[in-house]
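So you can see what is in the structure, the chains are spelled out below.
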Amino acid sequence: MSTTLDKAQLVVIGAGPGGYAAAFRAADLGLDVTIVEPEANPGGVCLHRGCIPSKAFLHAAKVIREAEEAPLMGVSFGKPTIDIDAMREWKNGIVTTLTEGLGGKAQKKNVHHVRGLARFVGAKKLSIDLVDGGVAEMEFDQAIIATGSRPAMPPFAKETSERIIDSTGALDPTRIPQSLLIIGGGYIGLELGCVYAALGSAVTVVEMLPQIMTGADRDLVSQVKRRLDKQFEAILTNTRVLALEEQKDGVTTILENNKGEQTTRIFDQVLVSVGRRPNLDGIGLEQAGVEIVDGFVKVDALRRTTAEGIFAIGDVTGQPMLAHKATHEGYVAADVAAGKTAAFEPRAIPAVCFTDPEVAWVGLTETEAKAEGRKVKTAKIPWRSIGRTLTLGRDDGMTKMIIDPETDLVLGVGLAGPGAGELISEAALAIEMAARWQDVAMTIHPHPTLSESVMEAAEMFFQD
Amino acid sequence: MKQDIRVPEVSDGVVKGTVIGLSVAVGDRVEFDQTLLEMETDKAVVAVPSPFTGTITAILIDEGDEVAIGQVVMAGEPEEAGAATSTELESPPEPAPVRAEKVSRVPAPTVAPISAKTLPPPRTDSTPPGEVAPASPIVRRFARELGVDIHVVGGTGPGGRISDQDVREFVKRVMAGADTGRSPAASRPLPDFARWGEIERQPLSGVRKITAEAMAYAWATAPRVTQDDKADITGIEAFRKEFNSKATPEGKLTMTAILVRVAAEALLQFPQLNSSLDLANNELILKSYIHVGVAVDTPAGLLVPVLRDVDRKGIVTLAIELNQIAAKTRERRISPADMEGGSFTISNLGGIGGTGFTPIVYAPQVAILGVSRAEMEPVWDGGEFVPRLRMPLSLSYDHRVVDGADGARFLRWMCTALEQPLNLVMEDPA
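Protein sequence lines, in the order shown, are assigned to chains C and F.
Position in the first sequence (from 1) plus 497 gives the number in the working numbering.
Position in the second sequence (from 1) plus 72 gives the number in the working numbering.
It should be emphasised that the hints constitute simulated quantities derived from the structure, not laboratory data.
As the structure is a computational prediction, the values presented were derived from the model and not from experiment.
Among the hints, erroneous ones may be present.
[Said to hold, decoys possible] With a straight-line cut-off of 27 Å between C-alpha atoms, the simulated DSS-like cross-links for lysine-lysine are:
| # | chain 1 | residue 1 | chain 2 | residue 2 |
| --- | --- | --- | --- | --- |
| 1 | C | Lys727 | F | Lys88 |
| 2 | C | Lys837 | F | Lys244 |
| 3 | C | Lys837 | C | Lys622 |
Just chain F, with the same shape it has in the complex (with noise of 0.2 Å):
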């Protein structure tokens, strides 16, 4: 039903207004609200806004036109909207109250063609104003000639404005950066994605922050080497559900557990795995001591808490002591003193799956055992093919310490002592 819409009250003594602008074609569909035309009386700008949502049907005044208040300017079709349209329609409509012009301005459906054959097009030039980071030129200037980006240096003034204090530091951060290794290419302004498709920008979680600096930090300064050997795993595996189907839900054995059992025992055989590395004194670093770190996959991402002297406790004591620390992790409930101290990691994605990774080093420790998910597989034991479950195990180490040949023999060395356990007591202590 068609529905007229007159020029609404404005404030006390203002009888008319010129129209300067108008909104809408007719044609165009119109949110209840949105403003229709703008008209500049005596006091102010102010918007018309539409009495309904619907369709504009007639527009009867152009712009510089003169017009009263309470005077038809437009006629539309209000969209079926149950009873609020039907008795509008009785009484004469209510003009939607006006509001003075400064409203959050609402993307309008209608825009004049943009064609400026004649005019300057404002927004043509590559650097489009107000794109451009908000610094002052000066500001600008300083942050090119130092080689920074504007652009990704975040200000810290009113409105988010860079001052060249904020330049500074970035410089100096970026400088610090360096010196511990990370990557000057993290400062590499990024594309605008939003160009190839709809994006979402989520602040970076606490501990992604720091698991991306160490990563790169690990990435920049430990040459990586992966080893990858199986385990025959088949007779710890029996043992192990054996011992579990005793066993209390907080004593559970894991084979992370086992794993870090063993690997204190291969650590103690070959202690340039326990070890960190001071280039600045030309020095290697030989911990006397074992704490294993242990990946835990947590909602909030990647943390490792370290389970300490592990060569002094028997597996019994650390799968008790790992399900409680694994379990404090995942509720973050873990203390960063927890996280502190590793000599030596584990990840032990076999839960999930998967054939073989290459961990990285956790720098800076030298060396980290990823662990992936053991499968039967058929072993030829000389005279016919076994059935053997066999976990695939790789060993990343930062190759500056470890030579190739002693990662392997690490490795081998693990691997021969899950097979047989044995051989874990079979030299004397070291």
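Next up, chain C with everything else stripped away, as it sits in the complex (with noise of 0.2 Å):
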């Protein structure tokens, strides 16, 4: 039986951080918003099961080995012991508390929640699967689609399972495997081996490229890589899988090299994190007119998909698929749908990989000014020479700053080191602001801290 629920003068279908960022603000312009998601609260995969949680558990893994490092410093906390159901509840904790917190905003600013999964039937009309059971329907004026994305399955393992898990799977854990193999060398799969590596897991990462962390620079990954080859059991760049089957006591694993040698492995779990999909499947978008183009909503930069009213933001709309660009989308979607004028043109957007150390980078990475023949200037600091990073214990890291000769303006900025991802605010702030190289090298930067590595990078294109 289907009912019919009034009419939205703003629907947002999906409710992560593009979707409730978008609905926030067009409900604070005085738009009558709905949110149409099947989760209690909002909050999407990055509350739920991405960012938050595996910065949960990131941050336990990183209390683990900096309590192994500590002896060096004269303290030592003997082996931990570890409960991992304890700790997934202290995440379930974490996730609880802010995705409530959403649900109250949403409350408070009048946001209406439907819970379920919405599928256009119409230009201007919404038939939605209930969580509780039924059919309604829906008429809106404006509709904003943000229903983000969810991990690939690759041909040789489509469904997850007790032992072939994905990101989902992986940020929820039962136990802690012997052995694990991570399909796919990107962050999600390089993040998630830190943790597990730290737990004890014999992490075991494949990499079908030549590079782990595509799209960084070479030099960023390399300080990563350097700490993860001893945190690891193995990093197999150049690698594929080529089948994978569970038995009784294990998954067993068919890998090939480039020169085609084979082999095969047994390992306790598999993690699939071969990339991210966006979910676009059943959602009606033909019903509605909206065009897709490279397996991504077509959008335009106020991003208007090529339906009258219908708007799209976050991963279906393309790369990088990051949670704060999806917010940034959101707002200049709630605004224009507001009739206010926005468009979605930053100058920059970054990217983290909360590793350890982290990598970070926003703007013009070396790698593209090669691929592009762009003229630009290079400095590059060593962190072992700022007088934080010896103090933290640690000695590795890296701060660099891509600028154009011709204009002085930063381009871009790559960070590696323990707390890159915080950093990396300053330089995509630089860049926003079309600052040059001086305005940064003149900024005082507070000492001791790892942020004067930004200023010194800077402070090197004075030498030329």
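Take each chain as given, in its own frame, and dock them per the hints.
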């Protein structure tokens, strides 16, 4: 049986970091907003089974590693005892606090929440499969598609199971595997590898490409790889997975390197992290007249789709699939829906891999500059020359700055090192504000901090 | 001949470093001094440059490896380059000097394949970072609110940074331009032509800028009609040649000088073609003087010096004046004052060729005469075809001021006068 809901002025489909940001902004601008989202509270993958849970586990991993390295400072804790159930509940508590907080915010802003899965059945009409059963229909004036993405599964592992897991499973563990194969050496696989290695798993990473963390500059990646080489069982680049077979005692895996050599290994668990795909199936885009190009919803700078009155934001609009990109797209779509002037036109979108050490970059990378044949100048500072690094018991890390030699404008900054993710915002601001390297060099940075490395990288250009 | 590549001396006290990046692969061709690898030492990140131009044949280390100063890390095959290479072979290879890594990046031939399946490729959005105009976010929003494409606003700040003041000034300029008729389409953003092939950007010369503005103004304000006609100049041309056979170079008579004088008479007969329109006051400004501008082709572009009071000068004087001012113009010795005050213009392209064209009225003037190349043509004289030298004339006029019939009459009057100069003095002076 089908019920008919009140017509929505603006309906937001999906309540991840893009969707709820859009809904809250639109509500603030006076629109009557309805969220359609199956979860009880907003948050999406990011809060429920992505960014936030993984950062909780990574913090636990960091504590473990620091305790391990503490004897150097004359402090010994002994071998840690790990209660994975307690750790999981701690993580769940964080997730609940945050998502309930968002739920409360939605109520305060009078954003309606329909729990269910929506699909377009016309240019201005949705059909919603309600979580509580039944189907509802709802008309709308404007809509924002913010359905996000899910882990992509390769042909040799179509389904997850107890032993073959994706990031969702890895972030809700009931046990710590003896050995863990991670398929895909991108940031998701490497972050989770850091977690499980710290928890005691023997972690092996396979990556098809010649480099892990593809997209980041090699010198930055090299900072991580040096540490991961010690923490992981193996990092196998140029290697493909041919087959996975679940046995009683593990998953038999056939690997092939780029020389055609095959090896068979058994792992306790296998984590598939080969990328993410946008959630566009079954939401009736054709009925609404929303065009898809190269697997993503086609949008303009105002985040308008090809269908009048329908916007799309976040992972469904293309790479980079990052929460903070989605949030800002959400603000743009909400502003435009409310009749304001806005466009998604950032000069830079920062990216962070929360591995140990963290890798973060924003703007132009050296790899891109080379590929484009663009004339740039680059300065690099190893963190071991920064006082704060050594006081943290570390000697790794690097900051690099890429500038335009003609205009002196900062084009890109790359960081690797503990806490790099917290340092990248300064660089993002510098690029957004069209700062020159002199601006960064002449800004007083507090001593002794790792942020001085950004200033010192800029100072290197004075020597030219 | 194979040559080993060693880690060079970096600085005092540094004996080892960690390889943080390989910039080349086996088989790559490298230039002398091109970065082969980067290594991190206690003090700095240093680039190890290639000691030769040639091909890398072996790489003995990997990223993350610790390497010592003097250690062989790669081997290569230098290209034959004369004596320098052979002496190097006898003595142990001298490592090329090391620079701290703050050199200009030369595009390297090898680039790691970028296919980020699992990582966000940072540059896939339609507005790639780094390509957005150098303005802070709120300034970009401000421009958008005013409907200004931030990318066409010139920034006056350091590094070309665009301030909200720059946006305001841009809007003022565009509005001022629109007031005087400049097409707002002029500010429409251009596509990235480099997508379809190589391009070169040349700054506009001052002449070009002024021409562009003047033409755009004329195009936008004066509804133009062009009237074509032909004048039989067989007789005049014979006279001109005859005259020139005895004339000094300075006094050489050109067809343009004759046309200037004949046009002056025509303008006396048709004074509305020697006027300007003042729409603001609903008045037609009739000029009692006749100053004729003559378009002169110069290396810097088209310039239009003005001959004064041409209705009060004989053709001999005009010929001398025209030769002088044209030479002065080509040598760029002309002053702006010499190009002001024209009330009618003649553009003679006959020296180059063509059978006709549609000149653009040099607003706020209301008429311009275009001259194309005279050709010998068969003309029916009632009994037979006779060869006659006929010169195409194209009169463009501002249709707000000059009606089509008047335009046709003016041009016909000129043709008739050129064919039978007695016509010039048949009527009482206007």
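Going down the list of hints, with the structure as the test:
1. Distance check on the hinted pair: C:Lys727 and F:Lys88 sit about 20 Å apart at the alpha-carbon level, within 27 Å; holds.
2. For the hint linking C:Lys837 to F:Lys244, the alpha-carbon distance of about 23 Å falls within 27 Å, and the restraint holds.
3. A distance of roughly 24 Å separates the Cα atoms of C:Lys837 and C:Lys622; the hinted pair therefore holds under the 27 Å criterion.
The structure meets every hint from the earlier list without exception.
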